[in-house]
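**Student:** Chain by chain, the residues:
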Amino acid sequence: MSLVFNNENEANDPGIHVLIIGVGGYRYMDGGEEQKDQNYEAIGILKQLTSPPKSALAFRDYLIRQDADQRLSVPLGTIDLLVSPSPEDPEPGEAAESFERATLGNIMSAYSRWRTLCDNNAQNIALFFFSGHGVEKDDHYLLAEDFGMNPMNPWMGSFAFDKTRKAFHGCQCETQIFLVDSCREVTPSMLTRDITAVPLETPNYLDSECKHDLTMKASARNEKALGKKRQPSYFTQAIIKALDGDAASRDGSQWVVKTSDIGAHINQIMKSVKSSEGYSQRCTYSSGESKVILQYDEAPTVTLEVACESDHATAMAEFQCKEINGQFDRVRSPARPSPWKLPVKAGFYSLSATFNDPDYEDVNEQFSFVQPPYTFERLSR
Amino acid sequence: MAILSINIQTRGSDSDRIPKKVEVIDSTMQHVQSVWIEGAQQNIQLSPGLYAVILELASGKRLEKVAQVNSDADTSEVRFDLSKITPHESHEWAYLSKKPVETKRLLVEKRYRGAWVRFWKKNSDGRWEITNSPIQNQSSWDRDGVSYNLEVSRAQHFMQVGGPKIPWRLVALPPAEELMCLIQPGAGPSYVHPLKISVTSNSWKAETLLTYLQKDSYKEARELVNNAEELLYGKVSNPSAAAIGAYYLIKTRQLDRLHNWVENLRNWMEWMPDGAVLRAWQLILEGRSSKQLSPDQLEEIRTNLLLAWERGIPLYTIGLKLLREGLELINAMMPEDNLIMKNLAKVKQYIAAADLQSSTTTFNGIKPEKPDAMSRTGTPETKHLAYLYDIPRSAVRKALNTPKIHITENFLSKGMNNNVGNIIPGPKGDFSERSFDSSPSKRSKKSTKALIDEYKESMLNSDKPNDEVLKWRTGRFDT
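Going down the list, the sequences are from chains G and Y. Those letters in the first sequence? Residues 1 to 381, by this note's numbering. Those letters in the second sequence? Residues 1 to 479, by this note's numbering.
Honestly, the hints are just simulated from the structure, not real lab data. We put the CB at the ideal spot given by N, CA and C, even for glycine. One should not assume that every hint holds.
Stated by the list, open to error - Some chain Y residues well away from chain G (every beta-carbon gap over 10 Å; in silico):
#1 ASN70
#2 ASN137
#3 GLU270
#4 ASP337
Unchecked claim - Covered stretches of chain Y (in silico footprint by chain G; criterion: 3 or more residues with CB under 8 Å from a CB of chain G, positions within the stretch not fixed):
#5 29 to 36
#6 46 to 60
#7 209 to 223
#8 288 to 298
#9 327 to 335
#10 348 to 359
Go ahead and model the full structure; you've got the sequences and the hints to work with.
**Tutor:** The structure is reproduced here in structure tokens:
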């Protein structure tokens with residue numbers, strides 16, 4: 001059973017309904033449990049992956065934590081989870097934790113159930129998360145565990161994501177979030193073939209787009225999505241950081257994370273996850289009207305970096321950082337040429353740099369507005 | 001209340017006019033107000049206190065300042081210096097209104113050697129032809145980017161870039177007396193196209209709106225353009241700005257504000273496919289709001305989409321995507337319609353070859369009617385070719401073997417360092433067997449390669465290219 005979290009009630013109160021799919025083990029591909037001879041020229045070299053199951057589980061755990069802390073704008077309703085572990089990492093979750101496998105059949109069943117739940121209330125939030133292999137030609141094909149079962153037409157084990165997304169606009173719920181953590185490359189030989197993957201649902205072209213859309217992909221067209229082995233992917237880490245406050249903005253008395261802000265900040269947040277990924281992995285997104293999906297009573301924690309105009313001055317300076325409307329007061333002693341990096345709550349700060357060396361002039365009380373996802377201040381007279 | 005004066009310093013004379021969003025937040029982190037500034041200075045009224053003033057550019061780049069607003073001071077001031085956002089005044093518009101790349105790569109690097117541009121125009125008979133280069137002499141050539149000033153008439157135009165190591169790519173050029181185009185080295189890995197191309201007219205509000213639309217920032221788009229009708233209203237004088245305004249209204253479903261102006265745009269601007277795409281989508285959205293399309297509506301949508309495609313390729317990426325979606329809709333509802341099916345297949349080829357992140361339609365291809373995601377590299381045998389920055393050795397050598405020897409000699413002698421000296425004609429009158437006087441006292445033989453390399457070193461890296469270099473770079477060498 002793929003339903004791993006169920007807080008659905010009969011009154012159909014608004015809730016977040018989540019479908020999470022993490023495909024690391026490809027049964028019929030190279031290194032898979034029932035490896036078959038494949039025409040790799042036609043589909044490209046597709047390896048077993050250890051990152052997607054970790055990504056799926058990290059995302060599930062994050063949502064459950066946020067729900068427990070009552071930070072989600074509407075409570076968590078259900079989570080459907082499908083995970084196919086890689087043979088290299090057969091137990092990506094807790095010890096002996098088992099999962100419903102992410103075969104195309106299981107994905108279709110879970111999608112259908114999930115869609116019905118989402119359809120129950122316009123105030124529901126539909127959240128779809130896929131991590132695994134993907135290739136793109138005229139649609140973005142996401143590969144299920146049983147991709148390649150029929151080597152004559154391996155695409156029977158995949159589904160057309162873009163059409164599926166389009167079809168979901170017909171669902172009653174006004175807030176729809178689709179996160180796809182997959183590559184979007186195409187092999188030259190794929191260009192000469194008629195790929196036959198079908199969507200999980202057929203679109204109705206008379207359906208209007210949903211009001212609050214966020215459809216985000218981990219990579220730009222023809223590009224890769226990356227991650228370290230046995231760890232959540234860079235994209236998943238960035239999404240979690242975004243939700244955790246890196247994409248937060250002030251709204252009245254609260255800090256909130258809105259759908260459109262996740263998209264707007266995601267590439268910058270990717271850089272903070274892995275600085276070298278700032279360009280080589282470019283996320284793309286489309287969004288509709290903004291919608292609050294998380295709210296925080298406290299200001300989010302932001303990394304503040306402080307430096308002087310030269311490395312030498314930075315090394316000689318004693319830095320001080322004081323919160324304007326709060327208690328925070330921290331000092332860094334001289335001797336390091338690297339900028340002072342410190343986690344602070346978003347807000348207003350007074351920064352100063354003082355020197356024992358008479359060759360340098362002190363910088364007194366330079367105000368700084370520190371806000372997510374990251375603030376850098378260079379102190380100068 | 002006290003006054004806070006917000007001052008924005010830029011380099012370019014027109015840069016002030018580019019809209020910039022300024023948001024003010026108080027010390028309790030509450031949003032106080034947002035304003036759009038289309039000038040060098042604006043005053044706002046605030047209660048005394050400490051404020052964060054955030055200036056946001058269309059690219060998403062944000063600059064923050066903290067301002068103390070005092071009741072006793074005449075006027076408090078906050079100053080944003082955007083003049084250092086780029087080292088070149090001629091690049092500034094792209095940083096303020098578009099989303100240029102930030103990279104340390106330079107056009108003198110190996111991969112950019114021999115990079116070229118040429119221009120295509122769709123003639124009244126519907127055929128695409130290579131046209132005279134519209135590059136104006138006041139364009140600027142820098143190692144980190146080339147900024148063209150182009151004069152583009154009211155017809156379908158494409159600029160094509162390519163090179164020995166650069167896949168051929170085409171970029172739609174909206175009509176304008178002074179269209180600006182910035183070509184920079186790309187910042188991406190090898191599988192991303194090595195050149196980043198930004199294009200703009202000086203309709204700054206429309207262009208900034210387009211940047212926001214391209215990244216689905218509807219909130220900012222809505223704040224920027226309270227009245228998109230004003231863009232549509234000017235459709236005769238500025239049809240591309242009108243199209244951008246209409247795309248905004250279509251994307252934000254403000255159908256009642258489109259009036260019949262989209263029809264007029266379609267009828268009056270026959271060279272522009274976007275008007276017909278927009279009219280089709282006005283009808284589609286009207287149908288969607290009533291959840292049905294009558295046969296007459298369907299036929300009218302079909303007619304408009306076919307008309308759009310007959311006219312050519314939409315100017316803007318947003319239009320290309322809407323054209324595909326519209327054709328898909330008609331294809332689904334009229335599956336036997338072979339013409340729709342054929343056009344849809346063709347549009348899909350363009351989409352597959354397109355850079356959907358660009359605001360003006362951009363795709364890889366050999367010519368405008370031949371999109372190809374895996375586009376070829378190399379240098380075409382063609383007239384009106386302009387070299388982007390570098391002038392390849394083979395091109396110089398070829399010129400030297402042509403009858404234009406006098407031009408060539410001038411061209412070379414102007415470019416040579418003092419120690420290279422004068423060209424002495426060879427016995428056969430061609431360049432390969434000539435010797436060179438390297439100094440008055442000492443004669444030595446120099447190879448063609450060495451001479452040309454010395455020429456390139458001295459001329460291409462100089463701040464002011466001479467007239468001959470200008471001819472190569474503006475595509476007027478053979479005219």
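**Student:** Now, for every hint given, state plainly whether the structure supports it.
**Tutor:** Checked hints:
Separation of Y:ASN70 from chain G is adequate, the least Cβ-Cβ distance of about 14 Å exceeding the 10 Å criterion. The claim that Y:ASN137 lies off the interface holds: its Cβ sits roughly 34 Å from the closest Cβ of chain G, which is beyond the 10 Å cut-off. Remark: the non-interface label on Y:GLU270 is consistent with the geometry, its nearest Cβ contact in chain G lying 28 Å away (cut-off 10 Å). Listed as outside the interface, Y:ASP337 is consistent with that label: its C-beta sits roughly 14 Å from the nearest C-beta of chain G, beyond the 10 Å cut-off.
With 3 residues bearing a CB less than 8 Å from a CB of chain G, the stretch 29 to 36 of chain Y meets the requirement of three and the coverage assertion stands. Only residues whose beta carbon comes within less than 8 Å of a beta carbon in chain G count, and the stretch 46 to 60 of chain Y has 4; three or more means the coverage holds. Here the stretch 209 to 223 of chain Y counts 5 residues with a CB under 8 Å from a CB of chain G, which clears the bar of 3, and the coverage holds. Counting residues of the stretch 288 to 298 of chain Y whose C-beta sits closer than 8 Å to any C-beta of chain G gives 5, which meets the bar of three, so the coverage hint holds.
Closer than 8 Å: that is the beta-carbon criterion, and the stretch 327 to 335 of chain Y has 4 residues meeting it against chain G, so the requirement of 3 holds. A count of 5 residues in the stretch 348 to 359 of chain Y with a Cβ less than 8 Å from any Cβ of chain G is obtained; the coverage claim is therefore met, three being the minimum.
Hint compliance for this structure: every hint is met.
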